[in-house]
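Protein chains: 2
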Amino acid sequence: MTDATCITLASRPHGAPMAENFKLETRSLPEPGEGEFLVRIIWLSLDPYMRGRMDDVKSYADPVAIGGIMEGGAVGEVMVSNNAKFGVGDIVTAQFGWTSHAISDGTNVRKIDPSVAPIATALGVLGMPGITAWVGLNEIAEAQGGETIVVSAATGAVGSMVGQLAKAKGMRVIGVAGGADKCAFATAELGYDHCLDHRAMDAKALSAEIKQAAPGGVDVYFENVGGKTLEAVMSCMNTGGRIAVCGAISWYSGKGIDTAQPLPAVWRNILTRRLRVQGFIIFDHFHLMGQFQREVGPLVGNGAIKVKESVAEGLENAPEAFMQLLQGGNFGKQLVRVGPDPT
Amino acid sequence: MTDATCITLASRPHGAPMAENFKLETRSLPEPGEGEFLVRIIWLSLDPYMRGRMDDVKSYADPVAIGGIMEGGAVGEVMVSNNAKFGVGDIVTAQFGWTSHAISDGTNVRKIDPSVAPIATALGVLGMPGITAWVGLNEIAEAQGGETIVVSAATGAVGSMVGQLAKAKGMRVIGVAGGADKCAFATAELGYDHCLDHRAMDAKALSAEIKQAAPGGVDVYFENVGGKTLEAVMSCMNTGGRIAVCGAISWYSGKGIDTAQPLPAVWRNILTRRLRVQGFIIFDHFHLMGQFQREVGPLVGNGAIKVKESVAEGLENAPEAFMQLLQGGNFGKQLVRVGPDPT
Numbered sequence: 001m002t003d004a005t006c007i008t009l010a011s012r013p014h015g016a017p018m019a020e021n022f023k024l025e026t027r028s029l030p031e032p033g034e035g036e037f038l039v040r041i042i043w044l045s046l047d048p049y050m051r052g053r054m055d056d057v058k059s060y061a062d063p064v065a066i067g068g069i070m071e072g073g074a075v076g077e078v079m080v081s082n083n084a085k086f087g088v089g090d091i092v093t094a095q096f097g098w099t100s101h102a103i104s105d106g107t108n109v110r111k112i113d114p115s116v117a118p119i120a121t122a123l124g125v126l127g128m129p130g131i132t133a134w135v136g137l138n139e140i141a142e143a144q145g146g147e148t149i150v151v152s153a154a155t156g157a158v159g160s161m162v163g164q165l166a167k168a169k170g171m172r173v174i175g176v177a178g179g180a181d182k183c184a185f186a187t188a189e190l191g192y193d194h195c196l197d198h199r200a201m202d203a204k205a206l207s208a209e210i211k212q213a214a215p216g217g218v219d220v221y222f223e224n225v226g227g228k229t230l231e232a233v234m235s236c237m238n239t240g241g242r243i244a245v246c247g248a249i250s251w252y253s254g255k256g257i258d259t260a261q262p263l264p265a266v267w268r269n270i271l272t273r274r275l276r277v278q279g280f281i282i283f284d285h286f287h288l289m290g291q292f293q294r295e296v297g298p299l300v301g302n303g304a305i306k307v308k309e310s311v312a313e314g315l316e317n318a319p320e321a322f323m324q325l326l327q328g329g330n331f332g333k334q335l336v337r338v339g340p341d342p343t
Numbered sequence: 001m002t003d004a005t006c007i008t009l010a011s012r013p014h015g016a017p018m019a020e021n022f023k024l025e026t027r028s029l030p031e032p033g034e035g036e037f038l039v040r041i042i043w044l045s046l047d048p049y050m051r052g053r054m055d056d057v058k059s060y061a062d063p064v065a066i067g068g069i070m071e072g073g074a075v076g077e078v079m080v081s082n083n084a085k086f087g088v089g090d091i092v093t094a095q096f097g098w099t100s101h102a103i104s105d106g107t108n109v110r111k112i113d114p115s116v117a118p119i120a121t122a123l124g125v126l127g128m129p130g131i132t133a134w135v136g137l138n139e140i141a142e143a144q145g146g147e148t149i150v151v152s153a154a155t156g157a158v159g160s161m162v163g164q165l166a167k168a169k170g171m172r173v174i175g176v177a178g179g180a181d182k183c184a185f186a187t188a189e190l191g192y193d194h195c196l197d198h199r200a201m202d203a204k205a206l207s208a209e210i211k212q213a214a215p216g217g218v219d220v221y222f223e224n225v226g227g228k229t230l231e232a233v234m235s236c237m238n239t240g241g242r243i244a245v246c247g248a249i250s251w252y253s254g255k256g257i258d259t260a261q262p263l264p265a266v267w268r269n270i271l272t273r274r275l276r277v278q279g280f281i282i283f284d285h286f287h288l289m290g291q292f293q294r295e296v297g298p299l300v301g302n303g304a305i306k307v308k309e310s311v312a313e314g315l316e317n318a319p320e321a322f323m324q325l326l327q328g329g330n331f332g333k334q335l336v337r338v339g340p341d342p343t
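Line by line, the protein sequences are chains H and B. Counting from 1, one number per residue, gives the positions in the first sequence under the numbering used here. Counting from 1, one number per residue, gives the positions in the second sequence under the numbering used here.
Worth flagging that the hints you see were computed from the coordinates, not collected in a lab. Honestly, I wouldn't trust all of these hints.
Within a straight-line C-alpha distance of at most 30 Å, the following computed DSS-like cross-link-like pairs (lysine-lysine) qualify [as the list claims (entries may be wrong)]: (1) H:Lys111 with H:Lys255; (2) B:Lys308 with B:Lys211; (3) H:Lys255 with B:Lys23; (4) H:Lys23 with H:Lys255; (5) B:Lys255 with H:Lys255; (6) H:Lys204 with B:Lys255; (7) H:Lys211 with H:Lys169; (8) B:Lys308 with B:Lys169; (9) B:Lys23 with B:Lys255; (10) B:Lys204 with H:Lys58; (11) H:Lys85 with H:Lys111; (12) H:Lys58 with H:Lys255; (13) H:Lys204 with B:Lys58; (14) B:Lys306 with B:Lys211; (15) B:Lys211 with H:Lys58; (16) B:Lys169 with B:Lys306; (17) H:Lys211 with B:Lys58.
Please put together the full structure from these sequences, using the hints given.
Here's what the structure looks like:
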């Protein structure tokens, strides 16, 4: 028997999540059965999509039940195994949840090679955020070298990867981020040509700044945020532009919805500019994981792709880090260190 | 010298166009020069896009200038010709404008074969509305047999063609139109499986009716109107659905914009349902006119495609008919008879 520390959904949030919506619990796990194994979690990933799972609303995935363990991707080490494909000491990643230990039968579990890159990158640049950036840029937006792209949440886990991959394709890359420090990081470290601080201006000013940074207009918008950034970029799109809709974090807790522009102001641009606006959910594209790993893995391993992480120490601090994440308080990929590195 | 009766833009409308925005004038045309010919207009087409040209706003085409002849497609007969490619008596179609006579050098003029179908169909089912329907359905929405489609402005010039082409592909076809008479026509004559009267209900009720008519959800939405119909259909779309954005007539004169839903309510569906929303302007697709004529011409000629027209008599009545059109007062393709049939 193993005692697992975990964080469960105590109640559903109204608007922004609060500490009372989460509960730290200890639960006893059974011994692994036939074909099963026990994983000790080392890293937990925090991502904006988790906010959607806290609501009792039909979306692209089922909500977390009240009393259920919060959903999340994690990296861990196999401690006990009755599964021939996963041996003790293997480093693995899967949606293990906000927990210190988990039992798995291997379904949807992926082994990580620690010699390629640090194992935490399996939750970031080489994991879900990385493949999200890669699929959105290439498959959804069909971005081409020589074009101009705007990336919102430009230094976030997804955005920072979009910006770097776009730059590597030979695009003109304009970021939008919240705060002067993030913007400085985007241009100095991630290679963005420009990065605009949305906290310093309203939608109209932001639109004017984008037009200045993109004198030839915007061909591709990688959309993570909604809100005034979306409104500003819409008026800068070129005819035939593509918008990959990956997220809408500014609206996730219900804020900003009543003050958003009415639909027609944005919608008319889809018609007059002949835009293609396409939503995507990365779970539909996981069959491309192998190709993604082969293409991007070496770029992370040799340092061509920069990695920026925010680390919260200890599972008990995951709720606070998650609440900060939803307000843009993180800087780079948000991780929680749940346990020590493998020996 | 020929005196042409024409209708010019006297002033730009604020909101819905009014009679005072138009001016009936007589202008003298010069004799046709080298390579030119004189056309006597028989039929003028009235279409919602013309409302956009009355505003001094950059859109996909230049606005009509104050004092300029209103833009419009027309069919006419060549009366005098100095152009070897167009002979006296030829029936031709082009953007001749709201006028009784025009001089042309043949640029963007297309000859019509009167033996295929009545010449007025060159402005409807075999003209711009027809190819708009055909391109939107096949190229933009990539509609497939067996799928379910919703068509707004279901009995309009474009919508009635979308519905009939969709039915011919083996789709489940649900129309939305304004008024019980239009809905009855849609199901009895155009072959729609269902047609819902948006004037009889609010967005929520409309959404419920669509769900009842489309128990398997909606795969394709052919969008002509914006407003509450768009809001209602969004909540019925299936994962992976496509929306061909062809128009937004309910918003064209500025009405309904302040009372429209804020953007996020519609936008979030693009993400969670992985929709592809694509605007298109038919002028980008005119290179497909030959293929369209070959495929659809015979269906019009043999009566498989039904033709429904509203005819205003006399160019002087074009403004009133156009104002009615923008309010949904027409029923089928809106034409103006400008001159007698060819002898």
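Is Lys204 of chain B within 30 Å of Lys58 of chain H, Cα to Cα? Distance of about 18 Å is within 30 Å: holds.
Does Lys169 of chain B lie within 30 Å of Lys308 of chain B when you go C-alpha to C-alpha? 21 Å, holds
Satisfaction of hint between Lys111 of chain H and Lys85 of chain H, Cα-Cα up to 30 Å: Given that 30 Å is the threshold and the Cα spacing comes to 10 Å, the pair holds.
30 Å limit on alpha-carbon distance, applied to hinted pair Lys211 of chain H and Lys58 of chain B: 16 Å, holds
Against the 30 Å threshold, does the CA-CA distance of Lys204 of chain H and Lys58 of chain B hold or violate the hint? Cα-Cα ~18 Å, so holds.
Holds or violated: Lys306 of chain B with Lys211 of chain B, Cα cutoff 30 Å? The hint holds at about 28 Å.
Assess, step by step, whether the Cα of Lys204 of chain H is no farther than 30 Å from the Cα of Lys255 of chain B, and give holds or violated. The given pair, whose Cα atoms are some 23 Å apart, holds under the 30 Å limit.
Check the hint pairing Lys255 of chain B with Lys255 of chain H against an upper bound of 30 Å on the C-alpha distance. Given that 30 Å is the threshold and the Cα spacing comes to 27 Å, the pair holds.
Regarding the pair Lys308 of chain B and Lys211 of chain B, is the alpha-carbon distance no greater than 30 Å? The hint holds at about 28 Å.
Proposed proximity, Lys255 of chain H with Lys111 of chain H (alpha carbon, max 30 Å): Answer violated: Lys111 of chain H to Lys255 of chain H is near 39 Å, above 30 Å.
Take the C-alpha atoms of Lys169 of chain B and Lys306 of chain B, compute the straight-line distance between them, and say whether it is at most 30 Å. The given pair, whose Cα atoms are some 16 Å apart, holds under the 30 Å limit.
Holds or violated: Lys23 of chain B and Lys255 of chain B, Cα atoms, limit 30 Å. 24 Å, holds
This entry does not satisfy hints 1 and 3, going by the numbered hints stated previously.
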